[in-house]
Amino acid sequence: MTESLRPAPRGGVFLYAAWLFLSLAILALDIVTGPLIAFPVLFVVPVILATWSHGVRWTLPLVVALTLARSWLDVHWESDGPPSIHILNGIIRGVVLCLMAMLVDWILRQRHQIQVLQGILPTCAVCKRIRDEAGEWHQMESYISRRSEARFSHGFCPECFEKQYGEDLTRMGLR
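Yeah, the sequence shown ends on 522 if you go by the numbering used here, and it's all consecutive.
Keep in mind that a hint or two might mislead.
[Said to hold, decoys possible] Label-pair distances were calculated between CB atoms; the ranges are: (1) Ser431 <-> His459: 36 to 44 angstroms; (2) Leu516 <-> Gln460: 40 to 48 angstroms; (3) Cys474 <-> Ile438: 21 to 29 angstroms; (4) Trp484 <-> Ile438: 48 to 56 angstroms; (5) Ala364 <-> Ile434: 30 to 38 angstroms; (6) Arg404 <-> Ala481: 24 to 32 angstroms; (7) Trp484 <-> Ile434: 54 to 62 angstroms; (8) Phe361 <-> Phe499: 39 to 47 angstroms; (9) Glu514 <-> Arg404: 56 to 64 angstroms; (10) Leu415 <-> Tyr363: 17 to 25 angstroms; (11) Leu415 <-> Gln486: 50 to 58 angstroms.
Calculated directly from the structure, the hints in this document are not laboratory data.
Since the structure is predicted, the reported quantities are computational estimates derived from the model, not experimental observations.
Every residue gets a Cβ at the ideal spot worked out from N, C-alpha and C, and that includes glycine.
Can you make the complete structure from the sequences, with help from the hints?
Printed below as a string of structure tokens:
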């Protein structure tokens, strides 16, 4: 998929701060409540916000950090259980959060692609050029090629071939 079919990141510094603060607040809540009340399920909220605002590239490090932090808390709180249980729980938590991030990213890409496909293109009735958002006119082929994976191969339909070359072919005796 070309870069233009991917939605642009929505967030600036404020949204970075929002999902980082939210992550730290959930971790702090986990620490305050202790091992008997588990809040890791709330980790999906900053993961969804980070994916929505900045994409999977920024979310995956967040998932790793949240998973490691929660696993560290598990190990320090529940020292009587075998470490393999804490490792397994951490892996499950990380996989679930990664799947959530990838699902949100997929939904955003599908939504963006639907918006692209549903858009109405202002087209010149004579030359078939397309006007972009800045008001500039572009050849249809270059406009579409830059915004999609479509590539053009030119030829003639029978009607246009006849209009373009019919008289010449008759004059040259090639018909």
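Do the hints match the structure? See the list:
no., hint, verdict
1, Ser431 <-> His459: 36 to 44 angstroms, "42 angstroms, holds"
2, Leu516 <-> Gln460: 40 to 48 angstroms, "44 angstroms, holds"
3, Cys474 <-> Ile438: 21 to 29 angstroms, "59 angstroms, violated"
4, Trp484 <-> Ile438: 48 to 56 angstroms, "54 angstroms, holds"
5, Ala364 <-> Ile434: 30 to 38 angstroms, "32 angstroms, holds"
6, Arg404 <-> Ala481: 24 to 32 angstroms, "28 angstroms, holds"
7, Trp484 <-> Ile434: 54 to 62 angstroms, "60 angstroms, holds"
8, Phe361 <-> Phe499: 39 to 47 angstroms, "42 angstroms, holds"
9, Glu514 <-> Arg404: 56 to 64 angstroms, "59 angstroms, holds"
10, Leu415 <-> Tyr363: 17 to 25 angstroms, "20 angstroms, holds"
11, Leu415 <-> Gln486: 50 to 58 angstroms, "52 angstroms, holds"
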